[in-house]
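J.: Following the UniProt record's numbering from start to finish, the sequence shown increments by one per residue and tops out at 386.
Quick caveat, the hints were computed from the structure, so don't treat them as lab data.
Hints are not guaranteed to be accurate.
[As the list claims (entries may be wrong)] In silico lysine to aspartate or glutamate, DMTMM-like type, Cα no more than 25 Å apart, as pairs:
hint	residue 1	residue 2
1	K41	D125
2	K209	D313
3	K45	D74
4	K322	D336
5	K134	D335
6	K327	D270
7	K322	D125
8	K332	D192
9	K288	E261
10	K327	D240
11	K49	D74
12	K72	D59
13	K322	D303
14	K154	D240
15	K154	E30
16	K134	E106
17	K45	E30
18	K134	E123
19	K322	D339
20	K134	E261
21	K41	D118
22	K322	D337
23	K322	E347
24	K209	D59
25	K275	D313
26	K45	E78
27	K134	E32
28	K134	D339
29	K41	D202
30	K211	D240
31	K134	D48
32	K72	D118
33	K134	E78
34	K134	D59
35	K134	D215
[As the list claims (entries may be wrong)] Here are the in silico distance ranges between beta carbons for each label pair:
hint	residue 1	residue 2	range
36	N299	P344	39 to 45 Å
37	F34	F340	16 to 22 Å
38	R108	L87	30 to 36 Å
The C-beta atom is built at its ideal place from N, Cα and C for all residues, glycine as well.
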Amino acid sequence: MAAVEATESADMAPPPLEANKVELPEEEEEVELFNGIPNYKPGHKFGDKFVIEERIGFDDRFGATYFVTPQKSDRPLELVLRLDNTLIHTPSVLLVEIALLRKANEHRKHNLFAQLHDHGCFETDYYWYTTYFKGGPTLRQITEFMSSSRGSAKLSYSTVGRFGYNLYQILGFMHSCNFILCSLDQDMFHFDAASRTLFLADLSTVRPKPKSKTDVRWSGNLNYTPLGWSDQIQNPIPADTLANLELEAVFYLILELTMGELPWGRDHTDQVAQKKISNFNSNSQYLKHLPETYHTLWNNIMDIVSSPGAYSDIQPILGLCKQIYEKHGHCKSWDDDFDFERQPTPEELPRFVMEKVPAEGEAVQEPGKSAQQVQEDIENEGQGVT
């Protein structure tokens, strides 16, 4: 994937204060503030733009999240509103989220995230944006369903390969736009049934790529922590190689989806890094029962991780994921069923009962009567016989 030109000054700048500014009317009841963030109640009107339906996000470190509907629209819309106080949270992650979503819209990659609907500011210090609501189960809900319904969280090569393809698509696009994720967890990704893709629903840990030596910390699940980003490995991380390490994190997630669990998944925190090292050293047989494509994928990622500069092309990794779902998973089309999907049985398909309306002079066979009996009834009726 060719790098997308992005400059911090242009893309990370907040919307102009007077552009799309929302004027909030004086309230009969004072709006509660939790950690400087408005806590709107259902039915509250957000200026002349939206009606608050309910609050769905309560982590005030990253602003507030609401389910809203537009006050004026020629068609029903379900939207998600995010807002934050940029005076309290400096810098605000919300401005980073807006910048990433604007890039996704610009390059038609919004299927990998949520599609930006609108954005603006109010009362000088508050910024907001809305996205079109996109539901679907989280990746964790999918694996938990598989575990409960089939006794194992393992997914087939067909499903894992396609999910891996989406995960690396998301990272590849973010990195090309000069963003890093700084986290990884199954709850961050949802499955959109309409586009049949995984998308990144939680943008709260996204950060701009740092341009100098940094102490940016990994905030995601320990199981997926890249070795170079681990607290147990006290090596300084060059700022321009942080994106490389995130490719390693996704590989661990792909392994977990393939095998059902990771060998260090139940280990103590202090043992995880060493367990990863022992499982992936040159003499390890850890991947021996998996297709060779997994070995190739791991080796390619390790070459990138050990390189002194940032990678520039995600296509070779996407090609290996495609091999997993096509060659090893025998997936002939992206529309093939995923493991958690199935085709409806004949009994489940809707049945359409067609009523026959007789033409003039045409008799309809009554239940329980043969065709000959119906014909005799017609003849008797014509002769006046009852």
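J.: Going through the earlier hints one by one, which of them does the structure break, listed in rising order?
T.: When the structure is compared with the hints, numbers 6, 7, 10, 12, 14, 15, 18, 20, 23, 25, 27, 35 and 37 turn out to be violated.
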